[in-house]
Amino acid sequence: MAVQYGSRLKRAVTFYIPLTCLLVGTLFPFYWMVITSIRPDVELYNVKMNPFFTLHPTFKHFLDLFELTMFPRWAWNTLFIATVSTGISLFCGLLAGYALARLQFRWAPSVGTVIFITYLVPPTLLFIPLGDVVKTFGIGDTPWAVILTYPTFLIPFCTWLLMGYFKTIPREIEDCARIDGASRFQAMVRISFPLAIPGILSAGIFAFTLSWNEFLYALVFLSSPQQKTIPIGVFTELVRGDVFYWGPLMAGALLGSIPVALVYSMFVEHYVTALTGAVKG
Amino acid sequence: MADQRIEPILAKSAASGASAIPAPIVVVAVPKLGRPKGLGHLLEREHILAGVLLAPTLVILTLFIAYPFVLGIWLAVSDKVVGRPGNFVGLHNFWVNLNDSIFLRAFQNTFVYTFIATILKLMLGMAAALLLNQHFRFKRIVRASMLLPWIVPTVLSTLAWQWMFDATFSVFNWMLMNAGIISRRILWLGDGTMAMGCLILVNVWRGMPFFAITLLAGLQTVNPDLHEAAEIDGANAWQRFWRVTLPLIKPIMLVVVLFSMIATFADFQLIYVLTRGGPYSSTHVFGTYAYEIAMRAAKLGQGASISLFLFPFLLMVIVFQLWYIRRGD
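Chain order of the listed sequences is A and B. The opening position of the first sequence corresponds to residue 33 in this note's numbering, with each subsequent residue numbered one higher. The opening position of the second sequence corresponds to residue 25 in this note's numbering, with each subsequent residue numbered one higher.
Chain B on its own, in the form it takes in the complex:
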């Protein structure tokens, strides 16, 4: 079909090439690129070409996301342990989870960690974005270095934080003691509440740059004329931020918050490195507890049922996002 459509056009341009001056370029191009034959002929059809182009992606996503997802659901309803095939046990694993005090603590921790960290990241990120949106010297280098916590491997920077929170050699204790603020060392990771506070601090430190840079991109799309108009109308800086800037960057803000919530909700590495869920299993979240049960206690089925608890929340966010994107169309 496509061939037939092209033919007359070519003929026409070749024919007009006989009389017009710039046409020889066209005539030379035709034999060089050649006509599609065989396989090439099939690729002229858009839906076949689309299938070929999408095939590698769909194969990888099916093998390593769809299939494991189904397998994960099967594991969650089985008593599979490492080295032995599992049997179907229905919802037993979920029942065990809901009667496990460490799991319930992890459940609560996951939500506390996600919500507090996300709110703090949003507030600090917004403040940083507003600062970076001004004109000053070395702006580019400041912006680039601000992203560093986000760039370097989280495990490695978290190890640095762990050293800073060290029970004996904490630099924070050294500063506070030398400033005369405290007389006894603070055990930063010594109890559940304090350790959770430290985890949130490190998460905010790591994730804030992502908020700052994406919100900055949002701020840069705000037309300065609007601010000028509001200023003439007597709005002060605070009002201009609330009434002009914020409504305009709300869409990007929402998306950033949702992305960050998913990542924080499903966080593993930061917590696993800093506290390993301790002290006394008081700082586990879904991710770390699932790892603990599946990899260290070798109970794959039980572990899979724990990580499956991430799914309802994830689904909610996905549905909301899709709804929000469609609404925008």
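So here's chain A without its partners, still in its complex pose:
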């Protein structure tokens, strides 16, 4: 009995306690978002009250959010932008990934290297000249300003991931189709692409969350309130000078996090594959 108790204690100290600390630390800010968004202002701005729960939950902050801002419009913008830029990136990444993994051509290694390098270029390096480029093309302050620039970091990622995926599909499957009379193009579209669907899904989920969350390009390229995405809108329209509307802010933060968290929770395994595949290459 004593031995068993000792090993349980050891397990608690070396495993359950650290794990619990880790989970609490990880999730506490989300709890804080939720509790802030449902506590009435009189409680929020009263240092005497226990801030961890409320006996008077309210939806006022959510109503304020919809009244003060164009939140539904931002949600639509974010969804539209994330979907279209993910679609463009998947299309380009699928074709490029296939070419780099399967086709024999002289420039393959150099093109692969160039795409890998662009994968590592951070938006912070390019946002100032890119702002100029976007204006030159006449797409400043329109959704296209970000729809066309997000692929700069999404395509390299999708290409990289799908290239790795195509390499795991045996070439022989395509060869069989070729022997049966399929053209090079048909073998690619009808045989290899359908087999790559799990990889496409992984790349798509990852790209979607990245574009949903993007901040810098959207902040610089989108300026009018009706064009903003959720992260930009919540940050710029609910902070006026030094005044923070904490209730609506946290309500907006919560509502802006839920869709992407939902998409993620539906495809956790695909997301993790993309995340780990992204670094393994």
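Hint data in this document are derived by calculation from the structure and do not stem from the laboratory. Take the hints with a grain of salt, since some may be wrong.
[What the hints assert, rightly or not] No farther apart than 27 Å at their CA atoms in a straight line, the calculated lysine-lysine pairs in the DSS-like style are these: (1) A:Lys42 - B:Lys163; (2) A:Lys80 - A:Lys92; (3) B:Lys274 - A:Lys199; (4) B:Lys163 - B:Lys274.
We have chain A already, so just place chain B on it with the hints.
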């Protein structure tokens, strides 16, 4: 060329189809898929097909990465401000930067922020990965929820942190005061050092899951037999970690660290949201200061020269990574 090669094979399989039983499948497939003609004929050549497949990617990357990069270098050596064409000024902008105390502070901050945050993320991420690598109930749901800080928009979670660091209503102050540890409120974002500490904390909170999950994937490839063998040889848990696990996951660890360093080095949103570079411009990094100068002060040339300071570091990491990948081949 390709056509001619396929022809005899088809003829042969069709001919053998006359005598063998399963062959009709082959014969039916031939007319249905048809022979490539015209454009299709060109696509049979692998280098032409490759060109077609790569074209959309290369067009987008040229227009929105290569061209802006060149333009950025031009801006950095010009005195361009918003609404007026710029003139060539040589290295003037860089000279101005190096004599600007806020810039020098941002320079230092960028390195401090990157190195401390990366080391902490690696250590905590490794600890989390080792915990998650054990067997326990609800493992999947724990792992999934651990990634949440990484999934949700950083701006939105950083706003929650900003509220938790609020000068008057900080929940940390409330806890510490009620526990009797402090008697006066701590101004978390009140001075440069403290604010930098908070920025690093939030960055670690956000980036640690990425380390944990990728390192966990690395740990899962380690053969448990090796651990057993080491245990039989008398190695304790600590030695097994240092001598068996660590060398095996070193490659993936290195890549994760490099990726994270680039992202942290070029970070913008977390700092911009939490402190906006304040108080008194003491927590700027390259990204936020470049934004401040280019977007708020409208000095595009000066701003471009600041963000260009990211480039040497980035280049070093890229060269190292490419060298490391090639070495592996």
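Of the hints stated earlier, which fail here?
none
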